[in-house]
Amino acid sequence: MADLNALSLYHKEHCPFCHKVRAVMAELKLDIPLVDMNANAQEWQRLQTEGGKGMVPCLRIDQGGETHWMYESDDIIEYLRDNFA
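So for the sequence shown, our numbering puts the first residue at 439; every next one is plus one.
Careful: at least some of the hints might be erroneous.
Computed cross-link-like contacts, DSSO-like style, restricted to lysine-lysine with a CA-CA straight-line distance of at most 30 Å [what the hints assert, rightly or not]:
#, residue 1, residue 2
1, Lys-491, Lys-467
2, Lys-467, Lys-450
3, Lys-491, Lys-458
4, Lys-491, Lys-450
Don't read these hints as lab results, they were simulated from the structure.
Kindly produce the complete structure, drawing on both the sequences and the hints.
What follows is the structure, given as structure tokens:
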């Protein structure tokens with residue numbers, strides 16, 4: 439099972455795909471830290487350089503000493519449901 443403390447969601451407040459992921463987080467009562475890309479230029483740069491894409495939503499997963507960047511709202515939702523439902 440995944441560790442909830444190893445996750446953070448890179449998002450934008452008014453992005454419909456981000457809203458979809460946040461709705462599932464609320465449904466599952468998951469308190470995953472949110473990183474607002476509109477308010478944080480440094481994290482936006484990190485998303486692009488380390489994650490490889492400048493798009494949201496993106497679930498950052500720190501696991502086993504490695505960082506994985508998961509894009510696509512449906513993939514993120516599937517991951518959350520599989521690991522925390």
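Hints, verified against the model:
1. At most 30 Å may separate the alpha-carbon atoms for a hinted pair to count; Lys-491 and Lys-467 meet this at roughly 28 Å.
2. Straight-line distance between C-alpha atoms of Lys-467 and Lys-450 comes to about 20 Å, which keeps the hinted pair within the 30 Å bound.
3. Between Lys-491 and Lys-458, the direct Cα distance comes to roughly 20 Å. Compliance with the 30 Å bound is thereby established for this hinted pair.
4. Taking the CA atoms of Lys-491 and Lys-450, the gap is about 15 Å. The hint holds against a cut of 30 Å.
Every hint from the earlier list agrees with this structure, and none is contradicted.
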